[in-house]
Amino acid sequence: MIAARGLGGFAVVFMALAALAVWREDLGLPMFYLVLASTALFWVAQATSWNVLSGYSGYFSFGQGAFVGVGAYTTAVLGGRHGVDFYLTVPVAAVFSAVLALIVGGLAFRLRSFRGEIFALLTLAVPFILAAFARVNSEIDGGQGVVVPVPEFPEWMGQFQDFLYLLNLLVAVVAVAAAFAIQHTRFGWALASIRDAEDVAEGLGVATFRYKMLAIAVTGLIGGAAGSLFALQIGFVTVESVFGLTIPLFVIVMSVLGGRTHWFGPVLGAVVIVLIQDRLSASGFEGWNLIVLGAILAVLVVVAPDGLQARLWRRPWPAVAALVLVTGVLAVVDAWGTPLDWFVSGVLAAVAVVLWPGHAPASAERRPPAPDHVDLGEIGESTGHSGQQLPENSKINGEPGEVLVECREVSRYFGGVRALDGVSLQLRAGELVGLVGPNGSGKTTLVNLVSGALRPTSGTMAVAGRDIVGLAPHRIAHVGVSRTHQIPKPFESMTVRDNVAMAIMFGRQPRPLTAAREEAEQCLDIVHLGHLAGARPAEINLHERQLLEMARAIATKPKVLLLDEALAGLNPAEIDAAVAVVRRIHASGITIVIVEHLLRVVNQLATRVVVLNRGRLLADGDPRTVMSDPDVIRAYLGRHAHARGS
Amino acid sequence: MRTRSLTALSATVALTLFITAACSDDDEPSTEPAPGAVESPGGDTGAPSGDPIVVGSTLSLTGAFGPTGIIHQIAGEQFVEQLNESGGLLGRPVEWLVLDDESDQAQVTALYERLIGQEGVDLIIGPYATPNIISAMAVAERHGLTMPQHTAVLAPLMTYECQFPAWSIGPTPNEYVPDQVFDALESLPAPPQRVAFVINQGGSTDFIAQGSPDDDSDPGAVSIAEDRGYEVVAEIRYPPDTTDWAPIAQQIRDADPDFVFNSGLAVDPVNLLQAMEQLGYRPPMMFSLFPAPGPLLGLGDVADGLLSVSIFEPNDALIQQAGPEAQAIVDEFQSRAAAEGLPYTAFETQATASWNAWEILVAAVEGSGGTDQQAMCDYLHENGVDTTFSGHLEFDPDDNNFWPSTQGLKQIQNGDWVMVWPADRAAAQLQPPVG
Amino acid sequence: MTTLQAALSGALVGGMFAVMAAGLSLTWGMLRVINLAHFGLILVGAYLTFELATSWGIDPILTIVLTVPLMFLVGAGLQWAFDRLGVEEFASLLVSFGLLIIVMQTVSNVWSADFQRMPGDVNPYATQSVSLGRFVFPAPTLIAFVFAVVIVVTADQVLRRTFAGRALRAFAEDRAVASAFGIDHRRLGMVLAGLSAASAAVAGMLFALGNAVTPSTPFEWIGVVFAVVILGGIGQVGGVLLAGVLVGTLSAVVSATWSPALSPLVLFSAIILALLFRPYGLLTVRGAR
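Protein chains in written order, with the numbering used here: chain A, 7 to 652; chain B, 114 to 548; chain C, 747 to 1035.
Rather than coming from a laboratory, the hints here were simulated on the basis of the structure.
Please note that the accuracy of each hint is not assured.
Stated by the list, open to error - Distance condition first, Cα-Cα at most 20 Å in a straight line; then the derived SDA-like pairs of lysine to any residue:
no.: 1; chain 1: A; residue 1: Lys-495; chain 2: A; residue 2: Gly-122
no.: 2; chain 1: A; residue 1: Lys-495; chain 2: C; residue 2: Phe-836
no.: 3; chain 1: A; residue 1: Lys-495; chain 2: C; residue 2: Asp-920
Small disclaimer: the values here were computed from a predicted structure and weren't measured.
Can you make the complete structure from the sequences, with help from the hints?
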C-alpha cells in the first residue's frame, strides 16, 4: 500500500523535475543549474545504489568504483569502439555490472562466519583487479582510453545538457524509487534484520544469502546504469578516470551524512555534498574541498551517527522554515551572491537547525509501565491462565510420542577438539527435555547443530522425518526448529513488536506485515511483553530481552524450541517468571529443549534430562533417575553443582 | 551534555564555514583582473578599455596533476598580464577565469559548462592533462567553441575540428617519437644495438610504445625498433601506480641492453634509475618520454646523459632563435615560478605549450576581428599562427589540426637539460653512451 | 637466479609493509579502532623526514628522533579523543577515513601535490646496496626489513612478557573483565595508540628513504597494507611480518618473472582468495576471535 502510493509520488516528482529541463528556457533557468542538478542526480543514483547493499544490510562496500567502472567501460567500449547504439549499452552496462556484483556476492556471501570488515576489504580489492585486468588486456579500450560518442536524442529535449539531465533524472528516480520500494517491502525488512543480527535472522527463517545476493545485484544494476551515464558525461573513459577511490569515498560520505537506513538518506546526503562542493570551488577554496568533506565525515559520525534524515524527520518544520527564511531573506535583501548562493545558504541553515541539539524525545520516558495484574507470584504458579495461550495445533505438533528430532552418531570437531563425539538422541513430540552438562560438554554445539548454525562433521540428523544435515538454518527453521540465544540478540532497529513480526513474516507460512504485527501481539502476550510492544530493544532490560527471544522463537510456530541458557543472568524472581513462560509455551504443544545450568530449574521443568560430558552422551532419562546416576554426579554435580551460567 | 555542545559547535562551524566561503566570493574573485589593465603606465600602446574579454578554463591546481597544472597557471597569468600591458585584445582588457578541477576528470565537464553557461565567458582555453582536455573538448564541441589546448598530443583522439593543439608531435606521435630517437642514436659513432622497452600502461605512453592495438599498420616504438633492425631484448609493461621498481630494474639488468627506452611519465625514470643503481647497474643510455624534469636533476650524476623529448628548453641558443622577447619571458617566468615555490622553475616544454595556446587564442580573436567562435576557428584553419617559441603553425583538419612537429630531444648534461636534437635547434652535441 | 633475487628483494620490501601494518593491526586488535588515519600519519612521517633532511641536513634515518615522539603524542591524543567521544570499531573506520582525507589535503596544501624526493646528497641510502655473492640488497629496503624485525619482535615480546602487554591482551579479550581487574584501559590504550603512531613515523621515514612521495601515495598503500593486516591476523604482530614478507615476495616474483603489469592482478586475486579461505589470518587455525 505505502509502496504503491509512494511510487506514484516518484512519478510525480519525475514529471516535475523533467519539466524543468523541457521548459528550461521559458522558466529562465540558467543552464548551469541543470548541469549542477545532473551532477547531484548522478550522485543520488550512486549513493542510493551503494545504500541498498551497504546501508540497508550493513555490508560496507569500498568497491562502488567497480560498478561505475564496469558501467562506464561497457558503454564507452561498446559505443566508442564497436558502434553499438548508446541506448542499448545502458541496459547492457547495468547487467554486466550486476553480474560482477553477483560474482562478488557469490564469492563473499557463501562463507559462513563472514565479517563485515572482510567484505569491505574484499570490495576494496575488486576495482584494483579490474583496473589491472583492463590495462593488461589493452584490446579492450585500445590502450589509450575511449572517446564516448554523443548519441542521437529527440529535438524537443533541447541541448545535450538537457538530455544528460533527463537521463540522469530517470536513472536517479528509478534508483530512489527502487530503494523506497525495497525499504517498504519484505525485502527491506529482511535486509534490516541482516544488518541488526544476521545469524538470528537466518535462524528465524530469513533466507539471508538470497536477500544479500538480491541486494548486491540491485546495487550493481543501479551502479552500472549510472556508470554508463558517467561515461557520457566525462566523454572520455580511461582506467584511471573510473576505477578510483574517489567514487567510493564520495558515496560513503554522502550516505553517512544523509543516513544509511532510510531511502531518503543518500538523496539528502548527495544533494548537500554536491551543493557544498560546488559553492566551495566557486569561491576559490580550491584546496579546502576535501578538507571540508573529511571534516563533515569525521564530525558527523561522532555527532549524528544516524545521519541527517532521521533528525530531519524529527523536526521537519523548523528545517523547512529555516530553508525558506534564509533563502527568502537573502533574496529580498539581494546584497550578495546569486540565487544559488541564497539557496545553498538556506540548505546549510536547515542542516544547522536539524543538527542543533534540542529536546530529543528521551527514550526512557517512552517506556510504559507494566500492567499491574501481572504480579510475580501469579506468574510463578500460573500454568497458562494469566497470559494468552497459543492455539493448540495437533497438525503442527504431531501425535504425542512421535519421534520429532532424531540424531544418529552426530559428531562435530573443531580442529582436533571433539566438541561432540558420536551422540545419538531422539526427541519425541511433547517432551520438555533438559540438556545439561559441565562447561564445554557440547550442549551449545548440539543446539547449533540442530538449528543448522553449524554442520556436523559426521552423523545424520532429522527433524519431523526430514533430513536436515546441510540445510541452511532458515530452511531448518521452516522445517520447524526455533532457538533462542544465550546472549539475546534482538533486531535493535525495530520495535519489540516488529522483532516478533519479523519471525512471522518470514516463517513457514509467510504473512504480510500488517497481519504479522497483529499476530505478534499474541506472541508477546504469551511472554507478558505486550505492554512493551512499542518499545525499542535498547530500552528493555535483560530479562525482558530474554522473553523477547522466546516470543520471537515461538512466533515461527516451531515444532521444537531450543532454549539456550534462557535464564542466565536473571534474579530469582525473574527466573520464576521465565519458568512460568516456558511452561506455558510447552503447554501450547511445542516440544522444548532447554539448556540450563540451574539444576533446580531443570528438575522443576523437564520431563526428561539428557546429560552430555566431553562431547559424549552420559545419561538420558527421567530427571530423578538421571540426577542420581553416579557417573553424572561424578562428571557434573561433583564439580559444578553450584555453577551458574557464564 | 558534551555531545550536545559538540553538536552545537559543529553546526556553528558548518554555518560559519559557509558564510566565509560565500563572502569570499565578493572579496576574492578567482578571476585574474590583470593589474596593468586599469592604469597602464602610459607606454606607446593605449590602455585597454571597455568591457573585459573573459577567458575561461579549468586547471588541475590541486590533486595528482597539480604540479604541472600550476606551471600552466603561472605561464597563463604572465601571458595575460603582458597582453593587457600591451593594449589588451581588440583594445579591451582580458580577464582569465580559472577554476580548479582538482585533477578530477568528472569535474571538468561540469566546470566548463559552468564557465560557459553561468559565468558567460567569451573564450575558452583547454585544461591540463589529456583525459581532462578530451572531456573539455566534448563540451567545446557541443557549444561550438574554439578551444586551443596545451598538452593533449594523442592526435587520433582529438577529433573536434576547432580544437587547436599547442604542442604537437604531429599526426602520428607513435611514429614521430621513436623515429626521432632512433635517428638521433644512429648519428652516434657507435649506435646501440640492443634495446629494452619499459612501458607505463597509461594511455599516451602506452600508445607511443605500442601504437594502435587494432591496427597493425599503425605501429609504435617497439615494432619500429624491430623494423629498424634493433634487437628488442626486453619489453616490460608496468601499471601507472607501480611502487616496487626493484623487479623491473632486475629484468632490465638481466636483459643487458645498450639502450633503455622508457615510455614513462613523471617520476618513473627517477624510480627506475634509482632501483637500477641499487643493483649496481647503470644502463649505457636511456630515454624517457614525459618525465617530471626537476626530480631527475635531483638524482645527480646517476641521471646524466638521459634523453627526453622537448619543444623548448631555455638554452641560450634556443632563446636566441626564438627572438628578442623570449629572454624576458623566460626570465619573468623563472622569477614567478620561484616566488610560487616551484621546485623546478625553468620555462620548458609545459610552459612553452601554455604560451603557444594563448598565442593561438589571441591570434584567432585578432585575426577574425572578434569573438565569433566559428570565425576564429576558420581563421586559424586558413591562416595558422605565428608563435614566439614554435614558429609558424599550420592547422590541417585532416590531421586533427596537429601541425608538423618541432619537437626535439633534450639530454641531461652536467646537471642540466639541454636541447641536443635536431641539429638545427640543438644547443649542444648529443653525448654518446658512457663507459 | 632471477626468481631468487626477486624473491629476496621482495621479501625485504615486505618488511616495509610490515612496519606500516604493525601499528594498524595492533590498534585494531587491541583497541578495536580501525585507524585509516594511520596512513595519514605514515604520509606525514615521510614528509617530515623529507623536510628535516633537506632543510636541516639531518641524516634521514635520524629524523625519527624528532618524528617518533611527535607522532607518539599525535597518536595518543587521537586515541584519547576516540575514547572520550565513544567512537566504536565501525565508526572509527569512518572518522579516521575523514581524518585521512584531511591529512592528505593538508599535506598537499603545505608541500604541494608535486613529487617530493630527498636528493642524493642528503639521502645517501637511496642508491646504495649490499652485495652478497651474486645477490644484491638495496639499502633502503634492507634498512626497512631490519626495522621491521626489531619492531615486530619487540612488540611481540612486550605483549607476551610484560604486565602491560598481558593487560592489553586481556583487555582485547574481554573489556569488562579487564576493567574489573583494575586495568586502566584508557591510559594503556593511549600508550598503545601512541606507539602505533610512532611506528607510523618510522614507516614514513623508511618509505621516504627509497621513494618519491606525493600526497596521494596513501591510496597506493591501503590495499596492500590492509591485506597484510588481515593475512597476518588482526592484532597479531608476528603474523604481520610473515604476511608482509609473503605479499612482498609474491608481488616481486610475479613482476620479475612474468610482468609487472600482472603483479596487481595476481596480488589482489591472492588477497581475495586469502580473505575467503583464511579470513582470520594465515597463522590462525580457527576463528578464535
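Do the hints match the structure? See the list:
1. In summary, the hint linking A:Lys-495 to A:Gly-122 is supported, as the alpha carbons are separated by about 17 Å, within the 20 Å threshold.
2. For the given pair, A:Lys-495 sits about 18 Å from C:Phe-836 by alpha-carbon distance, which is consistent with the 20 Å threshold.
3. Restraint check for A:Lys-495 and C:Asp-920: satisfied, since their Cα atoms lie roughly 18 Å apart, inside the 20 Å limit.
The structure agrees with every numbered hint stated previously.
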